[in-house]
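Once you've looked at the hints, dock chain P against the given chain H.
Just so you know, the sequences run in chain order H and P. If you use the working numbering, the first sequence corresponds to residues 371 to 490, in order. If you use the working numbering, the second sequence corresponds to residues 42 to 850, in order.
Please note: incorrect hints may appear among the correct ones.
[Unchecked claim] Far from chain H, by Cβ distances over 12 Å, these chain P residues were calculated:
id : residue
1  : 264
2  : 339
3  : 419
4  : 830
[What the hints assert, rightly or not] With the Cβ distance kept under 10 Å, some of the chain H side facing chain P (calculated, not the full set):
id : residue
5  : 380
6  : 382
7  : 450
8  : 472
9  : 477
10 : 478
11 : 480
12 : 481
Honestly, the hints are just simulated from the structure, not real lab data. Each residue gets a CB set at the ideal place from its N, CA and C atoms; glycine is no exception.
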Amino acid sequence: MMKRMIAVVDDDLDLLDSLENLLESTGYSVRTFSSARTLIDAGLTGIDCLITDIGMPEMDGFDLYDFAKKERPDLPVFLITGRHEFGDQRRAGAKDVNGFFRKPFDWPALLAAIGNVLHE
Amino acid sequence: MNLQAVSGRAGVAGTRLCAGSGDERELRKERATPSPGPPAAPDTDEARALKIVDGMPAHAWAADAAGQITYASPSTFAYLGVAQETLNSPDGEDEFGWRRLIHPDDYERVAARWRHCLRTGDHYDAEHRLRRADGVYRWVRNSGRPSRDADGNIAGWYGTTIDIEDLKQVEAELRARERELSHLVDMVPSHLWRLTPDGEPIFFNKRMVDFLGLDVADTDRPGKSRLDVVIEAVHPDDAAAFRGALEHCLATGENFALRYRLRRADGVYHWMSSRGEPVRDENGRIVQWYGLCHDIDDQMRAEEALRGRERELSKLVDMVPSLLWRLDPGGEPIFFNRRSIDFLGLDASAFDKPGTSRFDAVIASIVHPQDAPAVAEALGRCLATGAQFFMRYRLRRVDGVYRWMSGRAEPLRDDHGRIVQWYGLTVDIDDQMQAEEALRRSEHRLQQMIDAVPVRIWSATPTGGPIYFNKRYQDYLRSVIPEFDSLEQPSIERFVQELIHPDDAATVLHTLGESFETGSSTVMRFRWRERDGTYRWAECRVEPRRDPDGTIGQWYGVSLDIDDEVRAQEALQQASERLATATQAASLAELSASIAHEVNQPLAAIVANSHACHRWLGSDPPNLERVRSTVERIIRNANSAASVVSRIRALFRQTIETRSRSSLDGLVTEARGLLAQLAVKVQASIQTRVESDIPPIPFDRVQIQQVLINLMRNGLEAMQASPGPRTLRVGARRDGNFVRVEVGDSGPGVENPDKIFDAFFTTKESGMGMGLAISRSIVESHGGRLWVEGGKGRGATFVFTLPIEPPDA
Numbered sequence: 371m372m373k374r375m376i377a378v379v380d381d382d383l384d385l386l387d388s389l390e391n392l393l394e395s396t397g398y399s400v401r402t403f404s405s406a407r408t409l410i411d412a413g414l415t416g417i418d419c420l421i422t423d424i425g426m427p428e429m430d431g432f433d434l435y436d437f438a439k440k441e442r443p444d445l446p447v448f449l450i451t452g453r454h455e456f457g458d459q460r461r462a463g464a465k466d467v468n469g470f471f472r473k474p475f476d477w478p479a480l481l482a483a484i485g486n487v488l489h490e
Numbered sequence: 042m043n044l045q046a047v048s049g050r051a052g053v054a055g056t057r058l059c060a061g062s063g064d065e066r067e068l069r070k071e072r073a074t075p076s077p078g079p080p081a082a083p084d085t086d087e088a089r090a091l092k093i094v095d096g097m098p099a100h101a102w103a104a105d106a107a108g109q110i111t112y113a114s115p116s117t118f119a120y121l122g123v124a125q126e127t128l129n130s131p132d133g134e135d136e137f138g139w140r141r142l143i144h145p146d147d148y149e150r151v152a153a154r155w156r157h158c159l160r161t162g163d164h165y166d167a168e169h170r171l172r173r174a175d176g177v178y179r180w181v182r183n184s185g186r187p188s189r190d191a192d193g194n195i196a197g198w199y200g201t202t203i204d205i206e207d208l209k210q211v212e213a214e215l216r217a218r219e220r221e222l223s224h225l226v227d228m229v230p231s232h233l234w235r236l237t238p239d240g241e242p243i244f245f246n247k248r249m250v251d252f253l254g255l256d257v258a259d260t261d262r263p264g265k266s267r268l269d270v271v272i273e274a275v276h277p278d279d280a281a282a283f284r285g286a287l288e289h290c291l292a293t294g295e296n297f298a299l300r301y302r303l304r305r306a307d308g309v310y311h312w313m314s315s316r317g318e319p320v321r322d323e324n325g326r327i328v329q330w331y332g333l334c335h336d337i338d339d340q341m342r343a344e345e346a347l348r349g350r351e352r353e354l355s356k357l358v359d360m361v362p363s364l365l366w367r368l369d370p371g372g373e374p375i376f377f378n379r380r381s382i383d384f385l386g387l388d389a390s391a392f393d394k395p396g397t398s399r400f401d402a403v404i405a406s407i408v409h410p411q412d413a414p415a416v417a418e419a420l421g422r423c424l425a426t427g428a429q430f431f432m433r434y435r436l437r438r439v440d441g442v443y444r445w446m447s448g449r450a451e452p453l454r455d456d457h458g459r460i461v462q463w464y465g466l467t468v469d470i471d472d473q474m475q476a477e478e479a480l481r482r483s484e485h486r487l488q489q490m491i492d493a494v495p496v497r498i499w500s501a502t503p504t505g506g507p508i509y510f511n512k513r514y515q516d517y518l519r520s521v522i523p524e525f526d527s528l529e530q531p532s533i534e535r536f537v538q539e540l541i542h543p544d545d546a547a548t549v550l551h552t553l554g555e556s557f558e559t560g561s562s563t564v565m566r567f568r569w570r571e572r573d574g575t576y577r578w579a580e581c582r583v584e585p586r587r588d589p590d591g592t593i594g595q596w597y598g599v600s601l602d603i604d605d606e607v608r609a610q611e612a613l614q615q616a617s618e619r620l621a622t623a624t625q626a627a628s629l630a631e632l633s634a635s636i637a638h639e640v641n642q643p644l645a646a647i648v649a650n651s652h653a654c655h656r657w658l659g660s661d662p663p664n665l666e667r668v669r670s671t672v673e674r675i676i677r678n679a680n681s682a683a684s685v686v687s688r689i690r691a692l693f694r695q696t697i698e699t700r701s702r703s704s705l706d707g708l709v710t711e712a713r714g715l716l717a718q719l720a721v722k723v724q725a726s727i728q729t730r731v732e733s734d735i736p737p738i739p740f741d742r743v744q745i746q747q748v749l750i751n752l753m754r755n756g757l758e759a760m761q762a763s764p765g766p767r768t769l770r771v772g773a774r775r776d777g778n779f780v781r782v783e784v785g786d787s788g789p790g791v792e793n794p795d796k797i798f799d800a801f802f803t804t805k806e807s808g809m810g811m812g813l814a815i816s817r818s819i820v821e822s823h824g825g826r827l828w829v830e831g832g833k834g835r836g837a838t839f840v841f842t843l844p845i846e847p848p849d850a
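The shape of chain H in the complex, shown without the other chains:
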């Protein structure tokens, strides 16, 4: 069975590394991007799930979500944030996101949510 491919976008390299490590330890293939632009440039082909930070310079997580949903309406997208802004949560709630997680996350819950989406 082909490993599922998860794309992670975050401008914080430490967190990007740790997420790649966690997801790989769980058995996923991971592609990391330090910005939305680099992911778009690379294209969404072969990606089964997208995890993106919200607060990023230039194009933020919401913009990337909109882009991804336009390209791949069925692509599962998870939003994560280090910020505590009610606005983020409300905006996220208004979208058809698969999950909204605040840092520091309940990582097991995130993994479970990803598992649920990808193994359905």
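Same frame as chain H, but now just chain P:
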């Protein structure tokens, strides 16, 4: 009379001549009437002579050369009442023997003359008093002539004695009358003169002599007629007229009348009024000219002065810059002065229009048609009642321009109070009226302006007694103090009490009092009470107007409604406070978020890596390679988290360099201002108390303000739900080398005093739990401490200290 009767009967013959020695006044020694004589003696010469002698109405006598009476006519003795024998009986006392018959006052004179004549042969003529038989002395005239012999020697004397008593009396009366007359002539206060028919002066009375300094006799000068000499005394300017007039009169016989100046003895000319008339004889021929010359100098001068005064007066009447006029009691104009005539361009005859009275005609022709009826009515009433006339009206000037005049007239009354005339004066007041009108307009404009400007204006005496309020002010005062108009002595105190907000009244009174006392101007802001009980903010400026000598003449004040402005300012202030609060809140939240984000990132990474590590260990076989690399990552993540905290500390520490000594007082006041809105919102009051002995201390103003605001905000928010009075007390005092700042609330207190300063601990739903932690960091970075006192239910008091001396960096 008696004598004459006696004398008349003397005529008796037989009187014989006494043997007179001759040199004596002859006395008619009448022999007794019944002296014997041959009554029928033949008419011899002697007898005839004797008869004549005795028949004379006089006493005849004869005397010898020695003067002894040798004969007296017979009536003589009877007249004298003496005997012939006694007549010639001289003795030592009585030289001639008739001494006792002569009045004692006359005897010596008479005897001396008789002796003289006896010696010289001169004619003897003497008048004296002779005693009659009845003892009465009567004046007689005694005359004697010597008779000489052939050798020319005096042989004897013959004489008569005539009674002249009556004559004497008439003479005396005549003399007295003449004296009187002459006295009169000399005394009349006029010059009297007489001229010959051809004009030569023949008499000047004494006054005239005294005046001219020359008598008629003095006018006799060689080569000149007397008249010429007199004319020399006439003033050169009058001399020709004088001569002409006189010569005319002399020629025609007409009366002379002339005024001329005559030189007085002292050289001063006097005006004279002279009149002369001729006296004619029965044939109508001029015998003399009589004249009278009266000194009229004083009169002439008085007349001259009078004429001068009259001229002056008339000049004055014409010169005064007013119209003067006179009316008769009926109102008919009888006089206009020159100016009236010039001003009105009058032609008096023009008023004589048939059918109208002159009075109406005058008024109609010179008074402005709009004023004429009123003038006619008023003047008519005055004429009827005698009341003074006074009115302003327009008169038409000669050029047709109407000018405003002030007319005034008063009646002149005679002794009976009857009006004789009306005297009127009319003054041109047009310029004045124009000026007054301009002034009125200007004043009106000013008044309108003062009443229209949306300002309350007032003035007061130097000591502050109100003098004037403009209309706006009055309207306001009336609206708030209903009895304003009946106030007799409105006082500033009363106004302040009634009109100004209680919180401002004392200050306003004090400020005004100080101004009035020191003379300095002032500006105040206070709240007026309006009619509806609301208050409105006003700005009041008070300034003195000083006289040239520097003393204060009046105070002027204006009060400008600035309520909207103040409210706008308040709103602005509130907005600005809200903005400041929001900014500060935002900055704190931002800071918190940023810190959270900074710390969250490595923490999240650590957690993720830890989970991964766990999974790498749990895989079969455990992927130790990945475990190792994961643990290395975890260590790196943890270090990076620690460095975030370090960076934050470093961030606060950096600002220590920018600290400057500031006053806590200002800080507290500012913080209070910034939170005022919030206090209102939670219905809490903020009490601040900063002790005055706190020196300025070094601190980062922005940071410490953040701390203070954070603590105060926490306190206010903590009280939001608590019942009862909500008071936030902020106090600062010195505590050794520290300043101790306390922020106490009356909220529910602190449940977890140990945890609240931990980051991310919060009891508030919306809180991040970062405020107190950061606050503590800030305080500690300043070398102070931050803690909380008080437990649950007693309110919380947050305390922080700051060192008075800066901590060693």
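For each hint, the structure was consulted:
| no. | hint | verdict |
| --- | --- | --- |
| 1 | 264 | 157 Å, holds |
| 2 | 339 | 130 Å, holds |
| 3 | 419 | 95 Å, holds |
| 4 | 830 | 30 Å, holds |
| 5 | 380 | 9 Å, holds |
| 6 | 382 | 5 Å, holds |
| 7 | 450 | 8 Å, holds |
| 8 | 472 | 8 Å, holds |
| 9 | 477 | 5 Å, holds |
| 10 | 478 | 7 Å, holds |
| 11 | 480 | 9 Å, holds |
| 12 | 481 | 8 Å, holds |
Going down the numbered hints, you'll see the structure goes against none, and every one checks out.
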